[in-house]
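Peer 1: Here is what each chain is made of, one letter per residue.
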Amino acid sequence: MLAGCGARTDPDAQLSFAPEQSDRLVVYTSHKEEVWRPVVQEFEARTGIWVDVVTGGSNELLARIAQESDAPAADVMFGGGVDSLEVYRDYFTPYVSGEQENILEIYQSPEGIWTPFSVLPVVLIYNTKLLADGQITCWQDLLQPGLRGKIAFADPGVSGSSFTALVTLLQAVGGETDDTLQQFAYNLGGLELDSSGEVLTAVANGSCWVGITLEETALKRQQAGDSIALIYPEDGTSLVPDGSALVKGAPHPENARKFLDFTASSDVQQLLADLYRRSVRTDVAPSPDLPGLDTLALVDYDISWASQNHDGVLMSWAFYLDRRETP
Amino acid sequence: MKRFLFSSFRNRLFAAFLAASLIPLFICSALLLQIFRLQMTSQAQQEASDSLAELAQILDQVYLDFTRIAAAVSLDDTLIQAVVQGTRENSEVYNRFLEVTQSFRDNACFDLYDRRGGWLYSTRNLPHDDPLSTRWGVLYAAEQQREVVFSPPEDSASSGPCLLGAAPLLDGSGEIAGFLLIRLEQSDLNDLLGGAVGTSNNLLLLSAYWRPVYCSQSGLSVSLANTLRQRLLSGQPLNSRSEAFTYTVSHHPSTGLYMVLGQPQMFTRDTMGLLYTVSASCALACLAISILMSLTLSRQMFHPIQRLHKAIEAVSHNNLDVYVPSEHNDELGQLAARFNEMLIALKHNQEQLVENQKELNEAQIRMLQAQLNPHFLCNTLDTMKWISKINKVPQVAVMSTNLADILRFCVSPDEFVPLRQELEILNRYVEIQRIRLSGTFTFRPLVPLELEACLVPKMMLQPIVENAILHGLDGVENGVAEIRAWARDGVLTIRVTDNGRGFPPELEGPYARRDRELSRGHLGLYNVDTILQKYYGQGFGLFLENCPDGAGAAVTATLPLRYEEEEPVPC
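These protein sequence lines are chains A and B, in that order.
Under the numbering used here, the first residue of the first sequence carries the number 11, and numbering increases by one thereafter.
Under the numbering used here, the first residue of the second sequence carries the number 13, and numbering increases by one thereafter.
Please keep in mind that the hints were generated in silico from the structure rather than gathered at the bench.
Where a beta carbon is used, it is the ideal one built from N, C-alpha and C, also for glycine.
Among the hints, a few may not be true.
Computed footprint of chain A on chain B, listed as stretches where at least three residues anywhere in the stretch have a Cβ under 8 angstroms from a Cβ of chain A [as the list claims (entries may be wrong)]:
1. 143 to 149
2. 160 to 166
3. 241 to 250
Construct all of the structure, not just a fragment, from the sequences and the given hints.
Peer 2: Below is the structure:
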């Protein structure tokens, strides 16, 4: 009746506004909206591809991809540390982005399982009202008995960045992995936060003195006015990037590849500075406010070791965390 | 059983009433609801398309105005120079800029950017002087497409949705010299579009990829846009019954925007609830009326029937003193009236029967009284006969002999006797009368021999003949009394004639209609007639007439023809 006017109320006609399958892309993302929305919206405007975004925690979404592996709904996993992506490597199709040559070599995926997005150094934060400058300088300091129960640390089983931080700590402190895990677990005093976001809140409101988080998150909160300070640990931090990966059996693989290329393109990478992130590209200069990567002490973070021992480390961790006695 | 049938018929009646009232009601409700729904829906659709057409016109106007202003800026030497050279804070340029954008400044703000996205001028009071990347967003799109583009803002979460448009400014050589940006905030769009949306409706402007741009109910836009986009992508219909709004979508080609007009659902749960309540109330009313009607009607119908039934039961127990009142003159009332008439007739018949029996009994009693001590009388008469013979008084002997025979005949136990015997006794009687009346009349019994064996009630002829001799022949010279008899069609007729004075005319005709009063002086005839009627029925009895050939009367008795061997059957 009203077809002539172009106005559609009847369901069939309304569905004609929906894009063709060839113009669709399903993205699972663990990024916050402020990160994914500009990227996705610009991608839509440039390619004409409609992006359906599903948000969630990185481990949750990766588990979902594994669960859906028979009939994948997702095309791209956008976000999550590459060590987490490595854990689920069986569910991804390798793809070497066309932007590979512009990406810093240390962030390139050896087999193209993932395409890096941004560099996220692990940092320590402390509440500037509760701790004096220089009291905490390195991972080793977190094992001091005086900090027991005052360390904000998210559950590494839930938060990918927390797991990266835990492995970084193990590398930085050195010695037997189990001993270190045990000591650190003891020093948490049973306090383990449910998500990485709570780390910042706990430190900012003073319920914890020190926290372990990513540079990007810390900078953002600092910018927002929280009384926290960042420490790049002297015994080394890790530069594990977060990235994106092409889901194996993706319904729209061609569009997914375009999206992976786009996330690594210089236009997107230039945007990262506004988001307190560091680009993985050679041709995008980092924000001048941030310490250069070459000034940071780094641990030798072995991504493949981390992903292979992911479950083992988490099991030991859970075991030691529940034991409340002195190591 | 009666009770069960009664109540079950009432139930049937009730069910019929219920069906007759409820089915049309339900059909009517459903049809009305459907018609109402169609009407409302088409009206709403019409309204939506009108509204959307008007909105499309407004957006067209925005697009045209913006294109026109961009063209004006491009053609303005002062402005294009300023853009190319990147000069800022020049009051002449500001003047020109404000002048060019004059017509549309109330509804939007404009910004001028140079070739690299550096901010130059703004119509805003407190402009952002940050540069815009030409490698990103709206400027990138404008540069790539070299035409006017519209886009949603990137960071809708923090700054709220708005509509951004960018037009590339071309210099004389056709190169891009800079950009003109238009920014329509929520309040601007409210002013522009609000009038066409309608107060109760909700307008949502979506980008080409269904990202939120504007919502007339601010605050809703992001969540609503996401919901609708999700439905579109997953192939679900945008409208669902449970929601408060129905959405109509229209695409606006020049800006690439989608307009989604939300109209309040006509048939919300409340409305439907109300409609259902009304229908249910009507149904309840119908139910109540049905019950009432069926009760009333069945009462009107079953009460008379029940009364009739009770009356019939009473009659079957031999109680005839019942009366069925009828309130209405309808079929049932007529039935009751007929029943009453029937009862009256029945009662009358029964009374008649009782009366007959009483009369018969009286006759029998009289007969028994007549038999009192007759043997003593007979013996006395025999004694008298002998005494008179001894004393040579022959008349007394004859009279007493005859009288004794008559008396003996009378007291015999038989009720019916052969006509022969009856005639014999008659002869005895006539002999007595002849002595009494000194022989002034002739008696001629002329009965055929074959009829003498017929059975007749005892002493039936004597009163008739006595009537003829005593009344008919009284004072007549050479009086003659004759008896004739004949049989035809099983009926025996006995006729006694005389040549006397005849009957007074009022006595002529069948005797049956007389009552006892009228028969005073003719009690014998009355008795005979009564006996004949009681024995044989209404069709028999006496018939009185005067002889057609002059003087004399005739009394005719009719009775069924029976012979000795037959048992007489009293009626």
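Peer 1: Does each hint fit the structure? Answer for all of them.
Peer 2: Verification of the supplied hints:
no. : hint       : result
1   : 143 to 149 : holds (count 4)
2   : 160 to 166 : holds (count 3)
3   : 241 to 250 : holds (count 6)
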